[in-house]
Amino acid sequence: MVQVHFTAHLQRVAPENPIDGAGSTIREVLASVFAKTPGLKTYILDDQDRLRIHIAVFLDGEHLRGSDILSQPVKPDSELYILQALSGGDN
Amino acid sequence: MSDLMLVSTRKGLMTYTRNEKGWVHDATHFYGSPVSLALSDKSGQTILAALNLGHFGVKLHRTQDGGKTWTELDPPAYPKADGGESDESAPANKGIWALEWADPQNPNAVWCGTAPGGLFYSDDLGATWTLNRGLWDFEERKKWVGGGTVDPALHSVCVDPRDKNRIAVGVSCGGVNLTEDGGKTWRVASHGMWAAYVPPGAKDDPAVQDVHMIVQSPTNPDIYWCQHHNAMFRSTDASKSWQEIKPVPVSNFGFAVAVHPKDPETAWYVPAHSDQIRAPVDGKVVVNRTRDGGKTFTTLRNGLPQENAFDLIYRHGLAIDRTGERLAMGSTTGGLWATDDQGENWASVSNTLPPVYAVRFA
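As you go down the protein sequences, you meet chains H and L in turn.
Per this note's numbering: the first sequence ends with 97, consecutive numbering throughout.
Per this note's numbering: the second sequence ends with 775, consecutive numbering throughout.
None of these hints come from the bench; they were simulated from the model.
Treat the hints with care, as some may be off.
To be verified - Restricting the straight-line Cα-Cα distance to at most 20 Å, the calculated cross-link-like pairs of lysine to aspartate or glutamate (EDC-like) are:
hint, chain 1, residue 1, chain 2, residue 2
1, L, 493, H, 34
2, H, 47, L, 553
3, L, 493, H, 55
4, H, 42, L, 485
Start from the sequences, fold in the hints, and give me the full structure.
This is the structure:
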């Protein structure tokens, strides 16, 4: 199972501890997590199920960039960090 | 007069109550989070609060016990487009710019205006929302552009007190749009406005007008008041036509406008220095009030900062209560003032707030 960590800033709606997700891509892994955590999805994805622009995703230690992050493949034992990007801190 | 004030700020929703000494801070909700707008019922028990979190998007919360407890609701969301997951142009809610009660007979009916221009309706007090397809599919919407933000923002929703199906919405920049069938069909209704920011041949196009705010007189709903990007306008024929209000003292630039709830000829504007500067003229915070339909204005300043001020009042930053005697306004630099005499004298409620996005009375 992919271990998924969420930023502590999402503590109110996300699991406090790492949670297991299943799937072959980041999108599928997140979908499996969202199914277990109602209310979390809209904090990470927008109306069109795109990754919000100020969310930073680290997969197995690598900060993913580009426009198609959610389609990136994951390994069964991958570790995924969903963090808030510093770029969104202007509020 | 209303003794409960809701102040939406960059760091939370502050409530103030009025006692014999003046306005007193009551509570701060959503501490640290940007709250763009709130809508309260008359009792102050039911409140919808719109948040716009920098990282995590638009959120909507509701209380039905005066803020003791809040429930997070799904915010209005744009329908999924084919291939929207990989299409950067597919619409998503970028911000809630308007929240208004939709039906005097139905306390659960709400209109919500958003960026990039979608109007949403809820008949269950915000639990679920439906995009108004009539306006979203309206051909003239293709002319809309952003004003101040990248995306067009639907910020004003005026529900005619005579007929809930007659609704005028203001869009920056998309003019005034009017429906008379509850939102099924729309027409542009900003004829007479003119735009200084487009080539001369396009300046009279009603669909490109940067309407900053429109309000409708409750007692003579044929009368609307508008603060526009480069002028002030008024309509006296139910928005069939608009006439420019001039001359205007201090400045005709600004964002906010309020109309007296019983006297359609009385309105308040908060002037600011030009779109390039966006600060009080000569550093003095003032309010322009007319009692004769815009023919003449009195510039009110008692109790307001009169030197070195940079306070800008946003479009939802000026509020009037149901009596028409009490007003309040909050500024971009954290000032909050209230008056009980139609603006003759203002009292400072706070000068240490975060930037204020909206002020409303319950």
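The hints, checked one at a time:
In summary, the hint linking residue 493 (chain L) to residue 34 (chain H) is supported, as the alpha carbons are separated by about 18 Å, within the 20 Å threshold. Our distance criterion of 20 Å between C-alpha atoms is broken by residue 47 (chain H) and residue 553 (chain L), whose separation comes to about 34 Å. With a CA separation close to 8 Å, the supplied pair residue 493 (chain L) and residue 55 (chain H) stays within the 20 Å bound. For the hint pairing residue 42 (chain H) with residue 485 (chain L), the CA-to-CA distance comes to about 17 Å; that is within 20 Å, so the pair holds.
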